[in-house]
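With chain A held as given, fit chain B onto it using these hints.
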Amino acid sequence: MEQRTRKYDALIAGGGLVGLTTALALESAGLRIAVVDTASFETQLATKFDGRASAISFANMRMLDALGVRKQLTTNIGPINQILVSDGRPGDGLRRGGPGPYLLHFDRDELQEPDAGEPLGWMVENRHMRIALLAQARKSQNITLIPETRIRQKQQEHSRWQIRLDNGQELIAELLIGAEGRSSPLREAAGIRTHEWGYNQWGVVATVEHEHEHHGIAHEYFLPAGPFAILPLSGRRCSLVWTEKPAAAQFLQSCEQEFFQAELERRFGDFLGKLTATGPRWAYPLTLMAVEQYTAPGLVLVGDAAHGMHPIAGQGFNAGIRDAAVLADILAGNLRNGLATDDATALKTYEQRRRFDNASLLAATDMFVRLFSNDIAPIRHLRGLGMSAVDAIGPARRFFALEAGGGIGSLPNLLRGELP
Amino acid sequence: MEPSNPKTVSSAASIDAKEVAKFAAMAEEWWDPAGKFKPLHEFNPVRLAFIRKHLLAHFSLDNRARKPLSGLRLLDIGCGGGLLSVPMARLGARVTGVDAAAPNIAIARHHASQIGLDIDFRHNTSEQLLAENVSPFDIILNMEVIEHTADRHSFLSSCTKLLAPGGIMIVATLNRTAKARALAIFAAERILRWLPPGTHEYEKLVRPEEIKVPLEELGLQVTGPFGVSYNPISRQWSESSDTSINYMMLAKKNA
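Heads up: the sequence lines are chains A and B, in that order. Per this note's numbering: the first sequence ends with 543, consecutive numbering throughout. Per this note's numbering: the second sequence ends with 1747, consecutive numbering throughout.
Keep in mind that a hint or two might mislead.
EDC-like, lysine to aspartate or glutamate: derived pairs with alpha carbons at most 16 Å apart [to be verified]:
#, chain 1, residue 1, chain 2, residue 2
1, B, Lys-1704, B, Glu-1639
2, A, Lys-471, B, Asp-1524
3, B, Lys-1745, B, Glu-1693
4, A, Lys-471, B, Glu-1534
5, A, Lys-397, A, Glu-386
6, B, Lys-1696, B, Glu-1639
Label pairs and their computed distance ranges (CB to CB) [to be verified]:
#, chain 1, residue 1, chain 2, residue 2, range
7, A, Glu-336, B, Asn-1555, 42 to 50 Å
8, A, Ala-370, B, Leu-1684, 19 to 27 Å
9, B, Lys-1545, A, Asn-323, 21 to 29 Å
10, A, Gln-416, B, Arg-1699, 42 to 50 Å
11, A, Glu-541, B, Ser-1627, 39 to 47 Å
12, A, Arg-316, B, Gly-1527, 20 to 28 Å
Pulled a few chain B residues facing chain A out of the computed Cβ check, cut under 8 Å [claimed, not checked]:
#, residue
13, Ala-1541
14, Leu-1583
15, Ala-1679
By construction, these hints were calculated from the structure, which means they are not laboratory data. The model shown is predicted, which means the values in this text are computed figures rather than measured ones. Think of the CB as a built atom: it goes at the ideal place given N, C-alpha and C, for glycine as much as any other residue.
Same shape as in the complex, but just chain A (with noise of 0.2 Å):
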């Protein structure tokens, strides 16, 4: 027999967290997917690839958990079991740093039926999440990884792209799937235009080892620079996100230890007792993206390649979470019902579910690092006064803490932890 073009039904650019996390759901939906990256799947599990922790909420932990990747996690995960968001202030001569009064306070104790008993979300080292997601993908006999190589040329005909990769390998595919992030190469040869708006900060993220247990709980301090948090991973260590003008935030990633540890904690506090930063630090630019559209003829967008979001709620990775959990419900139902793995009508109702979302999120976010990023004193007096009244009013906390969870609205059949 002649030498057979291998097909896919989809082809995922990017193997990143969101590509990876695509791949999973959609196979589990009954696709054959192959997922292209430009480098070897065992770079990103480098300690000094990725510094950054997710915080992730407790719907798409069932997910993870119907897709078998929480059991890959094994002990690298802490529950998120309290919130403490509150207005902070460094310590000066005169007063030390830390947590302020607590404006608002999200308890596990708070979720109802069916989500009670689950805490708010689990903290998971992104190197962690990247190692776990890859032996999963690796046990499935309907994802082909390909590595280090590029989509060279494509070519759209009926309901399949005919594409050759950089490596002389050429296969078929139905849907192209872009996960390469921020700068996807799939979205503008698309031509999809893209809004992107800066903040003028930048994120600083360490590792810190503290005395004392943390209870799994997160703070989330606005201070004059921008918001300040610290979330709890696995062990007595905590992730550090801490937003400055983006020269403070580049000297903070480079500057001596010394230095660092004061400033540290002159912010953090002592409430945790002795703090050791550990580790390599990083620093990136926070900016927002929307894309206008997230689909194309035969072509949707996933992850960061089709919403930017700011790192304040921690909801990037979520986003691109459930981008893949509706994505492998309207797939699964095309492959019931005969229906091309791209179909047009499909893929319009994908962009319908997630832009809602996605946009309600980058617009509470935004608001969000707006309101809480500045020094001015009526500004800060009303939101305090704002986050107190949404503390003293029982449903509206419930709300926020659930939203915050991602246990709102009609859920695809992943977040609910059964498969599409």
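Same frame as chain A, but now just chain B:
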């Protein structure tokens, strides 16, 4: 036109090249989900899900299989451009699609050959098909056709004869009610312009019992009607208990 392998259509010498180009353009239009047939594309998933569910249950088929209908012979009556025939073929069925309008058959063949599916599209009516002595079908899709037939009883009788023992026919149509007249004819044709004016005549619409009674007299076991309704806000169709406009029925033949 001879029923033939769709791949041979475009190269057949007997066909005028201009005609082929015309049908190619019309096929694009039929299969453009944002084009003239957009309402039909939006309606399709709910019909397909209904068909799948009942076929899998009737023949006890594997829900996880990619081609659960493999080995089953399926007849799509009034197949149009192939909007149901193509998904059924993708699910593994051996599909024959017939339509009384010759251009529809040319369109359907063109599309099937483009996407590489082997479907037997014929310019035919059910009565003619019966006269040609084709072997009976395990599945007959009789979707949105009966309200266009001149002799309903002769039509249902020939469909029954085309159904194999142990087979199942799915019938879908519009009910003859005041609500259907207001929404499915007046609103759909004159206001929303989903369908060309004159697509449906009120007098020719069919009530469920006008299908059920004759089919039972012909020896089939009939269940339904099952309603289908439209949510104008989400722009999605779904199964519902309201059978006053669109409805579907199942008719089974004893093995």
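For the pair supplied as a hint, Lys-471/A and Glu-1534/B, is the alpha-carbon distance within the 16 Å limit? Holds, because 11 Å separates the two Cα atoms, which is no more than 16 Å.
Could you check if Ala-1679/B really has its C-beta closer than 8 Å to a C-beta on chain A? Hint on Ala-1679/B: violated, closest Cβ of chain A at ~21 Å, above 8 Å.
Under the criterion of a CB-CB separation shorter than 8 Å, is Leu-1583/B in contact with chain A as hinted? Nearest chain A Cβ about 4 Å off; hint holds.
Does 39 to 47 Å hold as the CB distance between Glu-541/A and Ser-1627/B, or does it fail? 42 Å, holds
Run the distance test for Lys-1704/B versus Glu-1639/B: straight-line Cα separation, threshold 16 Å. Distance ~14 Å between Lys-1704/B and Glu-1639/B Cα, so the pair holds.
Within 42 to 50 Å or not, the Cβ separation of Gln-416/A and Arg-1699/B? 45 Å, holds
For Glu-336/A and Asn-1555/B, compare the CB-CB distance with the range 42 to 50 Å and indicate the outcome. At roughly 48 Å between Cβ atoms, Asn-1555/B and Glu-336/A fall inside 42 to 50 Å, so the hint holds.
Has the given pair, Lys-1696/B with Glu-1639/B, been kept, meaning a C-alpha gap of at most 16 Å? 6 Å, holds
Does Asp-1524/B lie within 16 Å of Lys-471/A when you go C-alpha to C-alpha? 13 Å, holds
Can Ala-1541/B be said to touch chain A, with a Cβ gap under 8 Å? With a minimum Cβ separation of about 6 Å from chain A (threshold 8 Å), the hint on Ala-1541/B holds.
So the hint says 19 to 27 Å: do the beta-carbon atoms of Ala-370/A and Leu-1684/B match that? Since Ala-370/A and Leu-1684/B have Cβ atoms about 58 Å apart, the given range 19 to 27 Å is violated.
16 Å limit on alpha-carbon distance, applied to hinted pair Lys-1745/B and Glu-1693/B: Judged against 16 Å, a Cα distance of about 31 Å means the pair is violated.
The earlier numbered hints that this structure contradicts are 3, 8, 9, 15.
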